[in-house]
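Model the full assembly from the supplied sequences, consistent with the hints where possible.
For the sequence shown, counting from 1, position 204 maps to 204 in this note's numbering; every step adds exactly one.
Everything labelled a hint here was simulated from the structure, so no lab data went into it.
Ideal placement from N, C-alpha and C gives every residue a C-beta, glycine not left out.
Errors might be hidden in some of the hints.
Label-pair distances were calculated between CB atoms; the ranges are [as the list claims (entries may be wrong)]: (1) R418 to D40: 21 to 27 Å; (2) P129 to G372: 36 to 42 Å; (3) V85 to A329: 51 to 57 Å.
The calculated EDC-like cross-link candidates involving lysine to aspartate or glutamate, where the alpha carbons are at most 16 Å apart (straight line), are [to be verified]: (4) K447 to D86; (5) K165 to D203; (6) K179 to D133; (7) K373 to D31; (8) K373 to D16.
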Amino acid sequence: MTTRMLLRSGRVISMDPEIGDLPRGDVLIEDGRIAAVAPDIGADAEILDMTGRIVIPGFVDTHRHTWEAPIRGVAPDATLDDYFVDILDTFAPLYTPEDVYAGNLAGALECLNAGITTLVDWSHINNTPEHPDAAIQALAESGIRAQYAYGCANTSLADYWFESKIAVPPDDVRRIRAKYFPSDSGLLTMALATRGPGFCVNDVVSAEWALARELGIPITVHVAMGRLAGRFGMVRQLHDLGLLGPDTTYIHCCYLHEEEWRMVADSGGTVSIAPQVEEQMGHGWPPVMAALEHGLRPSLSIDVVTTVPGDMFTQIRAAFGAERARVNADCWQANLPVPDTMLTARQMLEIATRNGAHVAGVEDRTGSLTPGKRADVVALDATALNMAPAHDAAAAVTLCADVSNVETVIVDGVLRKRDGRLLGEVARARRLVEESRDRLLAAKEAKAAA
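Okay, here's the thing in structure tokens:
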């Protein structure tokens, strides 16, 4: 039996260049797919009144260490160096599978509440074989669209992050691929989260890239975050190893050399930028414009909620403000006029939706309100005082909205938030993540006292 849902009379920003924006439009969903987007659709369907709402594709977060939700905000003033010690060398070794489950469940629900319908879960917390199972179970239960990126253990910072000779366990990666991801068409897909040159010896780097390609899964790697990583010339090293390819996402990229930008672009690679983390923790200026200038389609990501908020509105404004501030300052310093080619609010919405889907490898199924794609849809209450009156709909979303405006969230045709209320076992998720917090803090204190 066909199920239909009709989002009626909203202000639609489709992010599809052929459909464009509809000042007043309808979105018809049939059996989880977008069936039509038009000014007026007549259909026998469940009606959701979108009057006064702005309807957009769901946001896509292309890089989040979701497991860190139980330790949210523990490192508000941290630099990148602090993070390695205070989080990866202190808390991460203490994580049990139960902690990972709690973090991923609460973190994924947090995403849905904020209108993030697709998530790349950069899961570098696989201390035992039970850890990835727990992470994937939580993602599945949340109902989010996600790419689970299998990462290394964090039982020892020195062993796993400084010229490491330890690769991710290939047999367990193969087990996870076979058990949970027999195809690449489901709501959940798989990637490999690798550490890359500078953090691993070349044999480990080559082995991990070969493993991902054996299994036919994409690769995601942090590069050029902070001057130290910039000096590594990580992309250049990957090039010299013959490993660059269109299956790889490069995260941060703040200190990429010019030749490295060309290498990423020429190889068909993709880019994920985490603006507030990069500004706040010392990774470098968010290189959104640099990526665009090299013909790339950059995406946005949250990274770590230990230090920054977990919503996309914050990232949009952090990137937008930083890039325009940089250009304005350079022009003032050189006594030159500000160019007309600066970032726009509209571009930021595309970066947070279509570009994100492109980077996550799911643009064929999400990222725009295009008939035939899966129905990942968000509606924002534009009658609220922080958005009204909405003159420019895209600007209202990127520069005015916040999580409180996210009224409706649909993933794969299923309502996950309705009338401003997140559906599902929210109270249970909060209880589990609070219990995990208490256990981790107690374990940290016991370890320090030992």
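Comparing the hints with the structure gives:
The hinted window of 21 to 27 Å between R418 and D40 holds, with their beta carbons roughly 23 Å apart. Separated by about 39 Å at the C-beta atoms, P129 and G372 satisfy the suggested range of 36 to 42 Å. The hint said 51 to 57 Å for the Cβ distance between V85 and A329, and at roughly 32 Å that hint is violated. Taking the CA atoms of K447 and D86, the gap is about 13 Å. The hint holds against a cut of 16 Å.
Of the pairs offered as hints, the one joining K165 and D203 holds, with about 8 Å between alpha carbons and a cut-off of 16 Å not exceeded. With a CA separation close to 10 Å, the supplied pair K179 and D133 stays within the 16 Å bound. In summary, the hint linking K373 to D31 is supported, as the alpha carbons are separated by about 11 Å, within the 16 Å threshold. About 11 Å separates the Cα atoms of K373 and D16, which keeps this hinted pair within 16 Å; it holds.
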